[in-house]
Amino acid sequence: MAITRRQFIKQSAGIASVGIFMPRVWLGDASGQERLSNSRRKLVVIQLAGGNDGLNTVIPYSDSRYYSLRPALSFKQTELKDELNRPTMISNELALHPAMKEIKDLYDAGRVAIVNGVGYPQPNLSHFLSMDVWHTANPSGVGGAGWLGKYADIALIGKQGISAASIGGALPKSLFANRSVIPNIQDFAFYNFVGDPGYPGDYGNQLNVFTAAAARGFDLGTFQSAINSTSFDAVKGAQQLQASVAGYSSSVTYPPENPLAAALKMASRIITTIPDASLLYVTLGGFDTHSDQIDHPGGQANKLTGQHASLVRWFSQAVKAFYDDMTEHGMADDVVIMEWSEFGRRPEENASFGTDHGTANPMFVIGNPVRGGIYGGQPSLNPVDLDAAGNIKFTVDFRSVYATVLDRWLETDSQGILGGRFENAGFLV
Amino acid sequence: MTNIAYDEAAHLLRRLGFGGPPEEISDLASRGREGAVDYLMDFSQIDNGGMDRLLAAGFDLSNPDDPAKFNLEEIQRWWFTRMAHTRRQFEEKITLFWHNHFATAVSKVNERFMFIQNQTLRNHALDRFDTLLLNVAQDPAMLFWLDGVTNVRGNPNENWARELQELFSMGIVDAVTEEQNYTESDVKEIARAFTGWTVRPPGRTDTNRLNYQFAIDPNQHDEGLKTVYGQTANFSGQDIVTIIAAKPATARFIAKKLFEAFAYPLTSSSADKAAIDKFANVYMTSGHSIKSVARAIFTSDEFFSSRAMFALVKSPIELVVGSVRMLGAIYNPGTLQRPGGSNILADASSFLNQQAYNPPDVAGWRPNLAWVNTSTMLNRFTYADFFASSRTANPNAPGLWLTHDQLKKLTKGSAKKTVSKFLELLGPLSVDAATVRKLRDYLQVNDGGDVVGFSPDDRTIDQKVRGLVHLIMCLTEFQLC
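If you read the sequences in order, they're chains A and B.
If you read the first sequence in the numbering used here, its first letter stands for residue 1, the second for the next number, and so on.
If you read the second sequence in the numbering used here, its first letter stands for residue 1001, the second for the next number, and so on.
Calculated from the structure, these hints are not laboratory results.
Honestly, I wouldn't trust all of these hints.
Stated by the list, open to error - Stretches of chain A that chain B covers, calculated by requiring three or more beta carbons in the stretch to come under 8 Å of a beta carbon on chain B: (1) 125 to 133; (2) 213 to 227; (3) 234 to 243; (4) 264 to 273; (5) 348 to 359.
Claimed, not checked - Pairs of lysine to aspartate or glutamate residues, derived as DMTMM-like cross-links and limited to a Cα-Cα distance of at most 20 Å, are as follows: (6) B:K1421 / B:D1458; (7) A:K393 / B:E1184; (8) B:K1069 / B:E1111; (9) B:K1291 / B:D1301; (10) B:K1108 / A:E257; (11) B:K1188 / A:E348; (12) B:K1108 / A:D295; (13) B:K1278 / B:E1184.
If you're wondering where the values come from, they're calculated on a predicted model, not measured in any experiment.
The beta carbon of each residue, even a glycine, is placed where N, CA and C say it ideally should be.
Let the sequences and hints guide you as you build the complete structure.
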């Protein structure tokens, strides 16, 4: 396959960040516990990177302390209406951000579970450590394989071709595996091994030499080994991927200029055309709203615009488009979407129209298989209940949510992956 | 002064620079270990007139309010012109190191501030760490990036105070003792010390339109007592920088960061911790001199050990700039960013996920295996193909060109010698015999796969030698430096 100079320049000038999974039985010991599932069940994980402001996503509008802690950022009850003037309350205590009308519609239809107060003991306020905690399901944050990588090593490794993928520029640590190379896809157009456009007849010779070199063995655990096996899988998997995703069609219009929607559309192209594809991972960044999380032209706060409103609107519209696409493909009963973020934000706002790093946060689990509703205890904003940094205390361990997804949806024993038994959070039958 | 081996000199140049042609490597080898390191590090003595003339002729970055001449593409083109054309390679490499360390990005910060910060990093790259840290802290880019300008007394913003400690100086835990370096209370109190820090734009009549000045707004600065690391006083932000730069934990963190970026990744073994301590000690005894620590690392036995050789994964910028310098390709930046290639080195690096001035977050680009996934590898191979097939009839046109004449100069009389030559130029890479044989065979087969032999005629050079460059750049060995 040739790529022209013009294509390369055009592409490289406007980078788009946006990932698949292939078994790599020769990466290491292949004698582990194999559990080949024939299930059609699929999991889509959405990471909101930077620390989503949970208190302004699922809003405790009946709590006077929410208003006293956030004089500028809080939504008054009268402001809790979407653009169609419909109230966004989901209970006597909680309402969704007004920019999330699509999620609100899905919630009303019973397709959304909101798990409140999700966190872990001794919360870490570093983005990077807290992300590691969530990625590895290990509160000490000591690296190693990710929880989904461990799942893949057990459940997906025997599958033919692409069974998991990450959409984006970098493979998230959740998908770091010991025995599997999980592919990343940024852009389908460039997901291929290309040759000299001047001599298309030489492509076969080039591919042969490349493939022979990439099939070499290097010492396990070295950079060389990782690079070589990733390269081999990349080129091999690219051919399958290109052939498959070309067959995608859909009448669903994904919202433009919404990076999460673009990534979920790519996920849909994979999940709807490759039967074994069952684990997809997408990321939306930008949630680290230390300042200007709302617009405030001339000091006048406008909470319906600004960084946070844009981000949750992207999330809401993207999830709805993806859900509709799954429905159109007859797959809506097969897909569970799980959202997470490394922490919430400080209940008390700062003077920059923003919020600093926080702790526990609501999580969204979305899809037809989900039992819609509100789960977990809403953490108290009472001063005596806040920790020394002024942050809320968690009520649900994030590993309970993982365990529920693993045990109840993916039918894989969570104990082996999470290193312990965690309570079923209840949002799946 | 004893010579060092050619391979050692090539290693030194790949690490302290981006690599280069055999003459540059041989010259370094003849200078001996310390001589070569000093030559690269004392770069102000190296004549850089050629690059300076290119910059003077090709850029006008004097007015940040002129978007046609001052924009992200232009400041990228400016930096990549430097990286590809400088004879002072270490100046660019250490500036890039600090850009990644104090990761600041155009995703939030105006291009003019990123350009100003690049000068700040450049000017203080080998200074005392205290001086570098203070200048970065007072520079507009960081003040906007981590919300210093809106950090005011009463309700401070913690963004800078946290990353200052976690990412820029000492880390959450000590690199050697693994003890916790600071508490959440320290974060809050340090945030108070930096309240009121702000930036004043150039005056209306100031002809230097990039003359942004640091200032402290007394009305917004918290003059109260702060308790930091167990001590209570009315600390200013500058006091905090001084206290942090003097901490042994900072010495270890900075020594480790420099070592891992230029030598090899460390483990938690006691030997590796001893290495950190050794270089941290240089930091403490040299008055926090970055240059002293860096020089100690670059002249150390560790740096030249077999463990260090090809122990790092090339970053995209290293890969792209390195390919140009190693093969003597032409990068002609032209006189203004235009579609079609004048900013091609920056664009290619972005395509490989390293967009200059735009690291992904405050922790910067992650090293080594973080660069390796199926998508980034395919993109590296696509770049290799693009580079290898960069033909031109007009090498004076803006863009990246690997000319026929240059390839002809490098091509040898036999397939065997030609493969050896290009493996040497692009590393020098040590590759197993079976793979070398495949590369030789490639040079000698036609499109149908029949062996037709190798003769270095124009057609063979244009097809097969370019194809060889592509294939070598796809090898696992080439991804390392």
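Checked hints:
1. 125 to 133: holds (count 5)
2. 213 to 227: Three-residue rule met by the segment 213 to 227 of chain A, so holds; n is 8.
3. 234 to 243: The restraint on the segment 234 to 243 of chain A holds, since 4 of its residues have a Cβ under 8 Å from chain B and three suffice.
4. 264 to 273: Our answer is that it is violated, as 0 residues pass the Cβ test (under 8 Å) against chain B, missing three.
5. 348 to 359: holds (count 9)
6. B:K1421 / B:D1458: The given pair, whose Cα atoms are some 18 Å apart, holds under the 20 Å limit.
7. A:K393 / B:E1184: Roughly 15 Å between the alpha carbons, so the hint for K393 (chain A) and E1184 (chain B) holds.
8. B:K1069 / B:E1111: Between K1069 (chain B) and E1111 (chain B) the Cα gap is close to 12 Å, so the pair holds against 20 Å.
9. B:K1291 / B:D1301: Roughly 18 Å separates the two Cα atoms, so the pair holds.
10. B:K1108 / A:E257: holds (18 Å)
11. B:K1188 / A:E348: holds (13 Å)
12. B:K1108 / A:D295: holds (15 Å)
13. B:K1278 / B:E1184: violated (30 Å)
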